[in-house]
Each structure stands twice: as C-alpha cells, then as structure tokens.
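Protein sequence lines correspond, in order, to chains A, B and C. Residues 1 to 595 (our numbering) are what the first sequence spells out, left to right. Residues 1 to 237 (our numbering) are what the second sequence spells out, left to right. Residues 1 to 155 (our numbering) are what the third sequence spells out, left to right.
Treat the hints as calculated values from the structure; they're not laboratory data. Beta carbons are placed, not taken as given, at the ideal position from N, Cα and C, and that holds for glycine. It is possible that part of the hints are untrue.
Stated by the list, open to error - The list that follows gives simulated cross-link-like pairs (lysine-lysine, DSS-like), each with its CA atoms no further than 27 Å apart:
(1) C:11 with B:108
(2) C:119 with B:110
(3) A:389 with A:162
(4) A:312 with A:162
(5) A:162 with C:119
(6) A:495 with C:119
(7) A:389 with A:312
(8) A:504 with A:162
(9) A:162 with A:392
(10) A:384 with A:504
(11) A:392 with A:495
(12) A:495 with A:389
Claimed, not checked - Label pairs and their calculated CB-CB ranges:
(13) A:568 with B:78: 32 to 40 Å
(14) C:121 with B:160: 55 to 63 Å
(15) C:66 with B:127: 15 to 23 Å
(16) A:284 with C:121: 32 to 40 Å
(17) A:534 with B:77: 39 to 47 Å
(18) A:467 with C:124: 35 to 43 Å
What the hints assert, rightly or not - These stretches of chain A come out as covered by chain C in the derived footprint (C-beta under 8 Å, 3 or more residues):
(19) 33–42
(20) 276–282
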Amino acid sequence: MYGVTAFLYFLIGGVEALIIRAQLAQAESDLISPELFNQLFTMHGTTMVFLVVMPMSAAFFNWMIPLMIGARDVAFPRLNAFSYWTFLFGSIFLNLSFVLGGAPDAGWFGYANLTGNTYSPGDGVTFWALGLTTLGVASLAASFNFVVTILNMRAPGMSLMKMPVFVWMALITSVLMALAMPIIAVALIQLSLDRVWDTNFFNPAAGGDPVLWQHLFWLFGHPEVYILILPAMGIVSETLPVFSRKPLFGYPAVVFAGAVIGFMGWFVWSHHMFTVGLGPAANSAFAISTMLIAVPTGVKIFNWIATTWGGKLNLNVSMLFSLGFIAMFIIGGLSGVTHASPPTDAQQQDTYYIVAHFHYVLFGGAILGLFAGGYYWWPKMTGKRLGEKLGKWHFWLMIIGFNLTFGPMHWLGLNGMPRRIATYADGLGWEMSNAIASAGAMLLAFSVLLFIINVIRTISSTQESEDDPWDARTLEWSIPSPPPAYNFARIPQVKSLDDFWYTKHPELLHDKRGEEAAAEPDTHGGGSIHLPDMSYYPFITSIGVAVGVAGFMDILVELPGTNIQFPWLTTVGIVIGLWGLIGWTFEPVSEEGGH
Amino acid sequence: MIELTDDRTHEGLREAKLAQAAVAQEQHGHVADTNTGISNRKLLMWVFLASDCLFFGSFIATYLVYRNESLVGPYPNEILDIPLTSVSTFVLLMSSLAMVLALNYVQKDKLGLARFWLLAVVVLGLGFLGFQVFEFMTFVDEGLTIHQNLFGTTFFILTGFHGLHVFVGVLWLLGMFFAHSRGALTSRSAEDLEMAGLYWHFVDIVWIVIFTVIYLIGYSDGEGVKTIEHAATLIGG
Amino acid sequence: MANPISRLWSKIFYHGGNRHFLLPNVDAAHPDPPNEGPFGDAGPVVAGWLNGLTYGDKVATPIFYTIVGAILAILTVLEVWFFTLDDGFGVLFVPTMLVLALAKFIIVVAFFMHLRFDKSLLSLIFAAGFVIAIAIFMIFLSIQDKVNPAPLIAP
Chain A
1 MYGVTAFLYF LIGGVEALII RAQLAQAESD LISPELFNQL FTMHGTTMVF LVVMPMSAAF
61 FNWMIPLMIG ARDVAFPRLN AFSYWTFLFG SIFLNLSFVL GGAPDAGWFG YANLTGNTYS
121 PGDGVTFWAL GLTTLGVASL AASFNFVVTI LNMRAPGMSL MKMPVFVWMA LITSVLMALA
181 MPIIAVALIQ LSLDRVWDTN FFNPAAGGDP VLWQHLFWLF GHPEVYILIL PAMGIVSETL
241 PVFSRKPLFG YPAVVFAGAV IGFMGWFVWS HHMFTVGLGP AANSAFAIST MLIAVPTGVK
301 IFNWIATTWG GKLNLNVSML FSLGFIAMFI IGGLSGVTHA SPPTDAQQQD TYYIVAHFHY
361 VLFGGAILGL FAGGYYWWPK MTGKRLGEKL GKWHFWLMII GFNLTFGPMH WLGLNGMPRR
421 IATYADGLGW EMSNAIASAG AMLLAFSVLL FIINVIRTIS STQESEDDPW DARTLEWSIP
481 SPPPAYNFAR IPQVKSLDDF WYTKHPELLH DKRGEEAAAE PDTHGGGSIH LPDMSYYPFI
541 TSIGVAVGVA GFMDILVELP GTNIQFPWLT TVGIVIGLWG LIGWTFEPVS EEGGH
Chain B
1 MIELTDDRTH EGLREAKLAQ AAVAQEQHGH VADTNTGISN RKLLMWVFLA SDCLFFGSFI
61 ATYLVYRNES LVGPYPNEIL DIPLTSVSTF VLLMSSLAMV LALNYVQKDK LGLARFWLLA
121 VVVLGLGFLG FQVFEFMTFV DEGLTIHQNL FGTTFFILTG FHGLHVFVGV LWLLGMFFAH
181 SRGALTSRSA EDLEMAGLYW HFVDIVWIVI FTVIYLIGYS DGEGVKTIEH AATLIGG
Chain C
1 MANPISRLWS KIFYHGGNRH FLLPNVDAAH PDPPNEGPFG DAGPVVAGWL NGLTYGDKVA
61 TPIFYTIVGA ILAILTVLEV WFFTLDDGFG VLFVPTMLVL ALAKFIIVVA FFMHLRFDKS
121 LLSLIFAAGF VIAIAIFMIF LSIQDKVNPA PLIAP
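Isolated chain A (complex conformation):
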C-alpha cells in the first residue's frame, strides 16, 4: 500500500515539476502566475521528499525486512498499520490545500518568518505545517517498529554482522528517523502555534529569531537527507553482488561507513546556513565536518565498484539502475563537496547549482536506487518479472532525460540563475539551458510512462517467474514468490552472511562450516503458526490523529447561535483517537504480537 501511494505521489510531484519546467522553458513566460509557481515548487519539494522517497523506502522496509531477517512479521503489526494510515491521511490533508484555499507557497523548508502570518496570510502554510506534523507522527511510529523488529526478530544465528546490508541501512535509517523527526515536530509545532495562536517563536517584533527556525529545520533536515539516501544505498548493496555473482566487497566497511554517516550526519547541519552569517568560526567548523562526511560515502562507493570488479555482470534493468545510481550519485556528491566550502557556497547558495546538486543525489541517487529495488524485488512481491525490454527503454530514456534536465542546471546556477524565480528576463543567456532542461523533463516523464506501461503489462500477463529468478544471496529468496502470509514455514537457522547463497552452493564455502552446513538437516519440531487477526483500531486511531491535528488549523470554532468558542475538530479527533487507542490496547493479541 505504501508503494502504490508513494508512486501516485511520485506522479503528482512529477506533474508539479513538469509545470514548473514548462513555465521556465522560456524567458518571461507567463504560462502560470507567480503565486501558482510558488505553490508548485513548494508542493513539488514537499511531495517528493515526504510523500515519495520516504514512503517508498518504508514500503521496501515493510516488505523486505521481515523476509531478509527470517521473521514472520514486523514487531508491531498494528503500529505498522497505524503509520500507513496516518501517512495517508496526512498526505491527503496536505494536498487538500490545493482546493481549500491555496497550497503552501513558502518553499519546502518554509523559512520563518516568511511563513508567519504577516507574510504568508491564508491557510496554505498552516496546511503545510500541520500536514507535515501528521506525517512526522507516521514516520516516527514506523521507525520505532523497524528498530525493534531488526534488533529483536532476526532468525537464530543471524547476528548483526550477518544481516544483509539493506537491513543494516534500514536500522540506521530508522534510528535517524526516530531521533530527527521530533526536532522538526517541534519546529512545526512552534510554527503552527505562531500562526494559529499568535505566539512569539519567530516573531521579530517580540524579539523572535528567524534563524532559530533554520537551525531547528536543518538539525532535522540534514539527518533527513541521509534518511532519504541510505535505503537506496542499501538496495544497491543488495543488487550489485547478486548481479555481479560476487559477494559484496568489504561488508564490514560498508556497514561501518553507513553507521558513521548516520552519526556524523548530526554534526553538519549548518552547511545549509553558510550564507546566514553565523560567523567564520561556525562556518569553518561545519565546512570541515561536511568535508569529512564525504569520506565514508566514498568508502561505500569504492566498495561497490570493487564488488562489480571482475564479476560476471548481468546487465539487466535492476543492475543498470544500480550502476546508474553509483554514477549519478558520484556526480551529485562532487557538486556537494563544492558546496562544503563556505566561499564557494556563497556563490552557489540559492542558485540552480544547488538544485542540480540535490536532484543528482536525490533523483539520481534515491529514485534510481528505488527503481533498482523495484525491478529486483518485483518478482519476489508479485511472482512475475517486469518486462526487460521495456525496462531497458525506461532506464535509458530516464537517465538521458535526467541528465538533460539537471545537467544544464549546474552551469545555469554558476551563471547566476537564482532558484525559485517564476520567470527570468530575456537576454541573460539562460534561455538555451532552460529549454534543454525542460525538454529533458519531458523525456523523463515519458520514461516514467514507459514504466507504468511495463507495470500494467506485467500485471495483466500470466507469465509467472520462479521463486528465485536472480539466483540471489539473501534469505528472502528462499521462500516462494509471492510469499505466503506467514512468510517462513520454518524459521531458518542462519550460519553465515548471505546464508541462502551458501545453502544453494555449499561448494563455495571454504571452511569447515561448509561441511557442517551440508551435513546438518533441518530438525523438525511441533507446534503451529499463530497469525494475529486483522484489527481496525489502528485505522481509527489514525483518523483520530489526523482529524485532531487538522482541527488545530482553526482551532476555536464558534458554536452556531452562541458566543462559545470551542476546539471542535480537535476534540472530535481526540475522542476518536482515544477510542482507537483503548480498543487497540484491550484487543486480544497473540503471544508474539505487541502493540
């Protein structure tokens, strides 16, 4: 469900981007009004970050983590459901703003006090703040679930260093989410209070400081970008070994580099604020920490390249996307390193160069990685393989379109084109690059269309694939595709990293372990598998949360016919939420289940 919803938002966000590109294709175009333009780029950014990449990663986590660690389900299935429904309702609420008085238009990172009541009157930004708060609750719930699942529910014998890299990256991502989302929750609550209740958090007239918002946002925002990219890195660490017929080069190094990125990512946030005037000391400190964080990323990239080196490459679509990920992410990373230095950043900040950088790492990185995972795990999830020929067209058109769109933005930015401008004057020399970028965007959109056609064709085709079409390495391929509801009939006994591979090819084990593994039959025990029943309480609680938060928008509503002001919608939300929570708590649950 996460995957389908996230993909729908990918299409919506993509359409928003296409309109932006259409507007910018020509100088002094008046295709759309500046107000609409502002709403479009805000919603495009918010949609892509919070409604596409994060939920799509969550989709993969949901599907793949239990399968990869040999578990029957996540630790808290109802909490899982709650986080999906809350995500859905929060995203609908956010997008309702388009029809309910105007979408937010202050940029996806909503700098105060542009987002205050004085400069952003109307409801748009309040929709944004409250919608994101709801989404934050959903992400938090999901992150708690995955941390507990990964730490507690691995198959016997699977120590932490025998887990697939994807699961490691999921663990680090979930820890980052658990610790970073509260910060943006606080910032958004402060903003909402400023807008709805006239508090003074970012009110300069009372002495408030807009830079506070920037600090709080980027304290969240920087770990957030690692949350966005680490799952894709995990996916690529899975596909590359399988399609190079070689184990991952330097597994401990890749895991450790991921952990170091997760940790160091907390100490670089002010590189988004080099032009705010923090002073040379702060700027230098953050410049150094930002440059240092390129090191573990480089370690991972070298390890991936070494994985493919000398391997027997199967260049199918998933592999192409994985290789594309590495290439595009390197380009994005290089432009990122140029921002790490405050003097050069002073030129690049708020220009299209930055736009180019983050699209290379987020689209060329996260999205390509997610497509790689999609093609890789499609047969696992549905029992059918996505069409290879159409997939290759998809890949090549996408990568060409992508580079045509975002490549020119590098020199546009260096030539001085600022970001977030609705139009630009004629004669500045930017017309050609903008036109190329817009053409590239069309190509990109067409490639996505090809993907959709591929999906539709695959769904309607009857050709089934085997359980393990790629001759893969990790546990999820050892069970039928699509997996039965209980995942594993027999919980596997894990003896090594890439255990499934060595079970299939015991001749590849070089040590005594191989003989033991080959000689040991699976023992049989008694007992039955008890699956928890479905519950509708998470859905109800979700509705309560969404309604309660939405009610905050216009919190005091007058009872008709009287003078009494009452927080109607919020109270209704709280009541529904409590009903859901109480029902959830007292519902009988199986031994293995939790909340």
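For chain A, the structure is supplied; the task is to place chains B and C on it using the hints.
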C-alpha cells in the same frame, strides 16, 4: 490461523537457551524470547524515550536561545515562584518513588499494596498538575501570556507540553489501575506496568531538567540588553 | 617477508625483528608484581562496594527504593537551598545546579528506570538519544548569535 510446523531452533541450542533463560530469570526477572533478550515492548518504550529526549531537547534549546531576549515584561525574575515549584517538584519526585514501589509489589505479587501505590502515583501526578495549573493561572493574572513576550511563549509551551505528557501518563496509569484491578495482575501486566513506569520516570527526569534550567538557573533572567546605556542601568540597578 | 624494505622497517620498529615487543623471560618463581593504580587498590575496592550496594539480590526491595527516593528528596532540598543563598556561590552557581540536576537524572534513570540492572543495549539506546540531543543543542547554542545585540556605538 494456519496450522503448520514451526521449527525455531536446534535441540541442543534450545536446551542451552532455556537453561540460560532460567538462570537469568532467577536473577533479573524476565528474559524474553528475542535476539536481544529484551521484550519487544520494552525496547519500543526505550526507543520512544530516546526520541522524546530530542523532542524536549528542542523545546529547551528554544527556551535557552531566547533567554534574556524578551523585549517586554514580565520577566522570570519578577514572576517565577520558586517555593511553589519546589513543592511541585518534590511531589513529582515522590510520585516516581510511588511508581517504582508499585511495580516492585506487582513483581512480588503483593497486589493490594501494588494497587495502593499505583493510586498514589495517580494522586501525586494529579497534584503536580494541580500545582502547574495554579501556576499558569497566576502567571496569566500577572500579565504573562503566550502572546506577551518570548519568555511567555517559550515557558508556557515547554511546560505545557510537559504537563500534557504528565496528563497522558496519569490517564494511562488510571486506565491500568481500573483494567487490572479486577483480575489478578499477571506477569504480562507487570511488563505493561513497567512500560508505564518507564514513561512516568522519563516525565519526571524531564521535569528535573526543566526545574533546574528554567526555574533555578533561569530565575535571574530579566530584560534583554538593548543599548549601551541600558546595559549601564542594568548593572547599576 | 623477503622484501628488504619491510625487513628494514621491522628492524627499526620491532624488537628482534619479530612483531612483538619482547619482554624479559619471567620464571614462575618470580612472577610479575600485580599492577597498581595511582591510588593503590582504592579503585577496585570502591567499585566493588558500589557494585555490591547497587547490584545483586538485596536490591530491588521497597526499602532500597525508599532510600533512593530519600536521596533524591535531599538533593532537591540542597538545590533549593543553594538557590536561596544570596550570591553565595557566584560563578559556581550554574555548575552546581547542573551537577545536582545531573545527579538526580542519573539516579532516576539508573535505579527507578532500572537501567542499572537491565541489558546494556537499553542504556545504549537511551544514551544515544540523550547524548545526541545534548551535543547538537550545545553546538547550536554556542553558534547562536544573541538575537538583539547591543550596538557598539551609543546612538
């Protein structure tokens, strides 16, 4: 439900694990059947508490950024009532003690005493909330609202969220009190009570930080310095 | 290794060309004396005493928890008393407050929240959240400019 064979471990490994669990059970109480030996719910609660640290940390940091920055009064040194708040801090600390006693008695199967102490936690928690409400109402009467200045905004929202957490905790414990007062408290409900206890203690330690930073250390906060002459008057006065 | 460079390296940096630092041969009749810390064995003794006090069968009784609660109450009283002292501590006021608060924090977390007796993974999880929070907010507060800076020149 699906009936299928479910094989978890080797025979020998299983014996060893059971023996280990039995020994650990004697010493510490539960050892859960998970990779880490900690039950899912307990692990969940600790991850939640780590994340809540960040939540309160952000609000406290916001408060600290805005110390001495309010442009108009009332200022902390004019309005904070330390004796009153000391009493409420003491009340909350004792509620933590009551909580841990309640849990202890449940684990020792002394259910009557456990229920008494659980009720004590609820009463003390409500007492703390009462003190907070009284304090808020007094401040509003003296002119400090969330709109008034930076101190008002940051103080009320920070302590307000803390109070909200206390309130949720009180509701949770009250719910536990009523839900388990009928039947016997089982080992499973001991675990539930432990989770509620962890939450309650966390709320207490957040208050320890707030009391120290906002009340004791922040008591001397006053007007922000606006000009050189203004600074001179503040030093002299 | 046959490589002459690595042989030279070993010669310069390792005793006897082996990869170990050679210690004098010790016979069983004259074993090495036990290591001593700078304060004799005060360290292990105190640690043992603390461990015995806070860990084992005798703990987790209601009496123990009441004693801990009493200690917490005393610390609170101390805090308020220090506060009421008229500038008795001067610049040491804030550190004293923070130390007392930290002591109360650790006591509640360790004993009431049972972290002392639980698996250390839980301590790691809580410490991760707490330490990251403290670190980033300390950094944040230190780079924060005063919001309303006093002008350098009188108007």
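Hint by hint, work out which the structure violates, then give me just those numbers in ascending order.
When the structure is compared with the hints, numbers 1, 3, 9, 11, 12, 14, 17, 19 turn out to be violated.
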